[in-house]
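Asker: Single-letter residue listing:
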Amino acid sequence: GENVEQHPSTLSVQEGDSAVIKCTYSDSASNYFPWYKQELGKRPQLIIDIRSNVGEKKDQRIAVTLNKTAKHFSLHITETQPEDSAVYFCAASVGRSQGNLIFGKGTKLSVKP
Amino acid sequence: EAQVTQNPRYLITVTGKKLTVTCSQNMNHEYMSWYRQDPGLGLRQIYYSMNVEVTDKGDVPEGYKVSRKEKRNFPLILESPSPNQTSLYFCASSLDGGMYEQYFGPGTRLTVT
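If you read the protein sequences in the order shown, they are chains A and B.
With the first letter of the first sequence counted as 1, position 58 gets the number 58 in the numbering used here; the numbers rise by one all the way through.
With the first letter of the second sequence counted as 1, position 28 gets the number 28 in the numbering used here; the numbers rise by one all the way through.
There could be a bad hint or two in this list.
Straight-line alpha carbon distances no greater than 30 Å define the calculated DSBU-like cross-link-like pairs of lysine-lysine that follow [as the list claims (entries may be wrong)]:
{"id": "1", "chain 1": "A", "residue 1": "57", "chain 2": "A", "residue 2": "22"}
{"id": "2", "chain 1": "B", "residue 1": "57", "chain 2": "A", "residue 2": "108"}
{"id": "3", "chain 1": "B", "residue 1": "57", "chain 2": "A", "residue 2": "68"}
{"id": "4", "chain 1": "A", "residue 1": "105", "chain 2": "B", "residue 2": "65"}
{"id": "5", "chain 1": "B", "residue 1": "17", "chain 2": "B", "residue 2": "71"}
{"id": "6", "chain 1": "A", "residue 1": "58", "chain 2": "A", "residue 2": "37"}
{"id": "7", "chain 1": "B", "residue 1": "57", "chain 2": "A", "residue 2": "22"}
{"id": "8", "chain 1": "A", "residue 1": "37", "chain 2": "B", "residue 2": "65"}
{"id": "9", "chain 1": "A", "residue 1": "42", "chain 2": "A", "residue 2": "112"}
{"id": "10", "chain 1": "B", "residue 1": "57", "chain 2": "A", "residue 2": "42"}
{"id": "11", "chain 1": "A", "residue 1": "42", "chain 2": "B", "residue 2": "18"}
{"id": "12", "chain 1": "A", "residue 1": "42", "chain 2": "B", "residue 2": "69"}
{"id": "13", "chain 1": "A", "residue 1": "71", "chain 2": "B", "residue 2": "57"}
{"id": "14", "chain 1": "A", "residue 1": "37", "chain 2": "B", "residue 2": "71"}
Taking CB as the label site, the calculated pair distances span [unchecked claim]:
{"id": "15", "chain 1": "B", "residue 1": "77", "chain 2": "A", "residue 2": "42", "range": "21 to 29 Å"}
{"id": "16", "chain 1": "A", "residue 1": "83", "chain 2": "B", "residue 2": "41", "range": "20 to 28 Å"}
{"id": "17", "chain 1": "B", "residue 1": "38", "chain 2": "A", "residue 2": "78", "range": "29 to 37 Å"}
{"id": "18", "chain 1": "B", "residue 1": "8", "chain 2": "A", "residue 2": "67", "range": "39 to 47 Å"}
{"id": "19", "chain 1": "A", "residue 1": "67", "chain 2": "B", "residue 2": "16", "range": "44 to 52 Å"}
{"id": "20", "chain 1": "A", "residue 1": "52", "chain 2": "B", "residue 2": "41", "range": "26 to 34 Å"}
{"id": "21", "chain 1": "B", "residue 1": "62", "chain 2": "A", "residue 2": "41", "range": "21 to 29 Å"}
{"id": "22", "chain 1": "B", "residue 1": "15", "chain 2": "A", "residue 2": "78", "range": "44 to 52 Å"}
{"id": "23", "chain 1": "A", "residue 1": "42", "chain 2": "B", "residue 2": "73", "range": "21 to 29 Å"}
{"id": "24", "chain 1": "B", "residue 1": "111", "chain 2": "A", "residue 2": "108", "range": "18 to 26 Å"}
{"id": "25", "chain 1": "B", "residue 1": "62", "chain 2": "A", "residue 2": "29", "range": "25 to 33 Å"}
None of these hints come from the bench; they were simulated from the model.
All values reported here derive from a predicted model rather than from experimental measurement.
In this text, a Cβ means the ideal position worked out from N, Cα and C, and glycines have one as well.
Produce the entire structure from the sequences given, and follow the hints as far as they go.
Answerer: Take a look at the structure:
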């Protein structure tokens, strides 16, 4: 079946450094790639998403890049802050018309003050 | 306020005692989904529904049932719970699960003894 691989599973950075999380997907028809952030004890929430007709998207300190040829996409967080500490999930749509998402296993990001 | 609600939020039960976790959304979303979250395994999809009376299996459907008789509600039924179903459960809804943001409920912490 279709799957999404996410790396690394844990990531520790110093405050102010950049963090990069990478995902690869298997379904060549995937065309929607969201990223969710889950703070401790809370529900996942969308932080940024990208569609297949775009190679890069930025929103303040976060950015997502997409390489459809290689079937991978990445989340970049610059100038990390302690409040960025959370679990981040990538996801990819399944096929063009199936209307579903597959999630990666998550990356636990720790930002040390 | 646009939201996804789940009840109960916490539940401790015994093996074999049937239970239902309710999920309701007030955003008129077509798509709804159930996930379970276990340490190191990320968000695994149990069942999803792209419209009323349409449901499909996710990655881990064994031991669960769902129904979608009306657009706003998507209950998760455990006919005979077992200890391996102890987990954190999230319901989510979206205009289209594979193309738009999924809004998650607050989660239900289930313990089966």
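Asker: With reference to the structure, classify each hint as holding or not holding.
Answerer: Now the hints, each set against the structure:
1. Proximity of residue 57 of chain A to residue 22 of chain A is assessed by CA-CA distance (about 15 Å); at most 30 Å being required, the pair is judged to hold.
2. Taking the CA atoms of residue 57 of chain B and residue 108 of chain A, the gap is about 28 Å. The hint holds against a cut of 30 Å.
3. For the hint pairing residue 57 of chain B with residue 68 of chain A, the CA-to-CA distance comes to about 27 Å; that is within 30 Å, so the pair holds.
4. The suggested pairing of residue 105 of chain A with residue 65 of chain B holds, with an alpha-carbon distance near 24 Å, which does not exceed 30 Å.
5. Under the criterion of a C-alpha separation no larger than 30 Å, the hint pairing residue 17 of chain B with residue 71 of chain B is consistent with the structure, at around 27 Å.
6. Between residue 58 of chain A and residue 37 of chain A the alpha-carbon distance is near 16 Å, which keeps this suggested pair within the 30 Å criterion.
7. Taken as a hint, the residue 57 of chain B and residue 22 of chain A pair is honoured in the structure, with Cα atoms around 27 Å apart against an allowance of 30 Å.
8. This hinted pair checks out: residue 37 of chain A and residue 65 of chain B have alpha carbons roughly 28 Å apart, not beyond 30 Å.
9. For the given pair, residue 42 of chain A sits about 21 Å from residue 112 of chain A by alpha-carbon distance, which is consistent with the 30 Å threshold.
10. Using a Cα cut-off of 30 Å, the hinted pair residue 57 of chain B and residue 42 of chain A holds, with the two alpha carbons roughly 25 Å apart.
11. Taking the CA atoms of residue 42 of chain A and residue 18 of chain B, the gap is about 27 Å. The hint holds against a cut of 30 Å.
12. Restraint check for residue 42 of chain A and residue 69 of chain B: the C-alpha separation of about 29 Å stays at or below 30 Å, so the hint holds.
13. For the hint linking residue 71 of chain A to residue 57 of chain B, the alpha-carbon distance of about 25 Å falls within 30 Å, and the restraint holds.
14. Of the supplied pair hints, the one linking residue 37 of chain A and residue 71 of chain B holds, its CA atoms being roughly 27 Å apart against a limit of 30 Å.
15. Taking 21 to 29 Å as the suggested C-beta distance range, the pair residue 77 of chain B and residue 42 of chain A conforms, at roughly 26 Å.
16. A hinted range of 20 to 28 Å holds for the C-beta pair residue 83 of chain A and residue 41 of chain B, which are about 26 Å apart.
17. The given range of 29 to 37 Å is respected by residue 38 of chain B and residue 78 of chain A, whose C-beta atoms sit roughly 31 Å from each other.
18. As the Cβ distance of residue 8 of chain B to residue 67 of chain A is approximately 43 Å, the hint placing it in 39 to 47 Å holds.
19. Take residue 67 of chain A and residue 16 of chain B: their Cβ atoms lie about 49 Å apart, and the range 44 to 52 Å holds.
20. A beta carbon spacing of about 27 Å between residue 52 of chain A and residue 41 of chain B agrees with the range 26 to 34 Å that was offered as a hint.
21. Between residue 62 of chain B and residue 41 of chain A the beta carbons are some 28 Å apart, a value that agrees with the proposed interval 21 to 29 Å.
22. Separated by about 49 Å at the C-beta atoms, residue 15 of chain B and residue 78 of chain A satisfy the suggested range of 44 to 52 Å.
23. For the hinted restraint 21 to 29 Å between residue 42 of chain A and residue 73 of chain B, the CB-CB distance of approximately 23 Å keeps it satisfied.
24. Separated by about 23 Å at the C-beta atoms, residue 111 of chain B and residue 108 of chain A satisfy the suggested range of 18 to 26 Å.
25. Between residue 62 of chain B and residue 29 of chain A the beta carbons are some 27 Å apart, a value that agrees with the proposed interval 25 to 33 Å.
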